[in-house]
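S.K.: Following the hints, complete the assembly by docking chain L onto the known chain C.
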Amino acid sequence: DVKVTQSSRYLVKRTGEKVFLECVQDMDHENMFWYRQDPGLGLRLIYFSYDVKMKEKGDIPEGYSVSREKKERFSLILESASTNQTSMYLCASSFSIRDLSYEQYFGPGTRLTVT
Amino acid sequence: EDQVTQSPEALRLQEGESSSLNCSYTVSGLRGLFWYRQDPGKGPEFLFTLYSAGEEKEKERLKATLTKKESFLHITAPKPEDSATYLCAVFQGAQKLVFGQGTRLTINP
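Top to bottom, those sequences are chains C and L. Take any residue in the first sequence, note its place counting from 1, add 410, and you have its number in the numbering used here. Take any residue in the second sequence, note its place counting from 1, add 52, and you have its number in the numbering used here.
Any given hint might turn out to be false.
[To be verified] Pairs of lysine-lysine, DSS-like flavour, derived with a Cα cap of 27 Å:
(1) C/K413 - L/K94
(2) L/K131 - L/K115
(3) C/K413 - L/K148
(4) L/K131 - L/K94
(5) C/K413 - C/K463
(6) C/K481 - C/K428
(7) C/K480 - C/K467
(8) C/K413 - L/K120
(9) L/K115 - C/K465
(10) L/K120 - L/K131
(11) L/K148 - C/K481
(12) C/K467 - L/K111
(13) C/K423 - C/K467
(14) C/K480 - L/K148
(15) L/K94 - C/K428
(16) L/K120 - L/K94
(17) L/K111 - L/K121
(18) L/K148 - L/K115
(19) L/K148 - C/K463
(20) C/K465 - L/K94
(21) C/K428 - C/K467
(22) L/K148 - C/K467
(23) L/K121 - C/K481
(24) C/K480 - L/K94
(25) C/K423 - L/K94
(26) C/K463 - C/K428
Everything labelled a hint here was simulated from the structure, so no lab data went into it. No experiment lies behind these values; they were computed from the predicted model shown.
Chain L with its partners taken away, still in its complex shape:
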């Protein structure tokens, strides 16, 4: 069964303190891994798609990387506005996504 596991469940950092979020997946034939950001009470906002091991994508203070079994979302020198829940997802079948439970990130000023 396709599964996505994110860790940690919650992470609290000081402003400027870099860290990484983990997304482990088990899926036969990865066709895409997606990262989303979700603010409280809002819909998820698309961040990145990664397709193959070794691929990296960057956006501002965020960098996503992919291996054959997991993806990392690295956050460098975070600011309070980076506080959100970060979700990862992989394709299950042709169109469906299976999501992880998310990591709730809090950046204290």
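This is chain C alone, in the form it adopts within the complex:
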């Protein structure tokens, strides 16, 4: 069974704080992704990584950065949290072989509230 875990289910932070969200997958997947999900806006891709130390911007990267130092771990960083970053954050991973990617598996999500 694929398992994607996220460091926290619920997090409350103050405006201006630096926030770290961590994601770990145990299936040796090449690709990892960070999404945010908001009512009426659906799932939106923030960043993704297709290899260690590699990253690519998604659709809404502003205000976020990422780090992938090890294959199994992908971190999302909010450099200075703002109230409009209150959201559900979802991590996912997927397998690739010869430039073909397969289904993404999601973690349980982190509900972040910035006050």
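M.R.: Chain L in isolation, oriented as in the chain C frame:
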């Protein structure tokens, strides 16, 4: 621009009342269409991948089908535990998925 549109936005059924959810897509060169189930406050759970028109996949009371322009998720004799939001997605580029807005399904006992 690649797009995924799901309908209806919400569907309420009685237990045992079969129905279908629709996912229409516009993408150049489909490389995979995915169905997920999402319970409130949780991450999406992978259900099916469909790759080519005419393909069908089944799991318990769910059956997913694919044509050249749309996919259907058929639910047969649903139970209250099938209540969830169902999402579909297609590949955009090599690794990225573009998701539909989802159909919120409620099964009343």
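S.K.: Which earlier hints can't be squared with this structure?
M.R.: As far as the earlier hints go, 8, 9, 10, 12, 16, 23 are violated by this structure, in ascending order.
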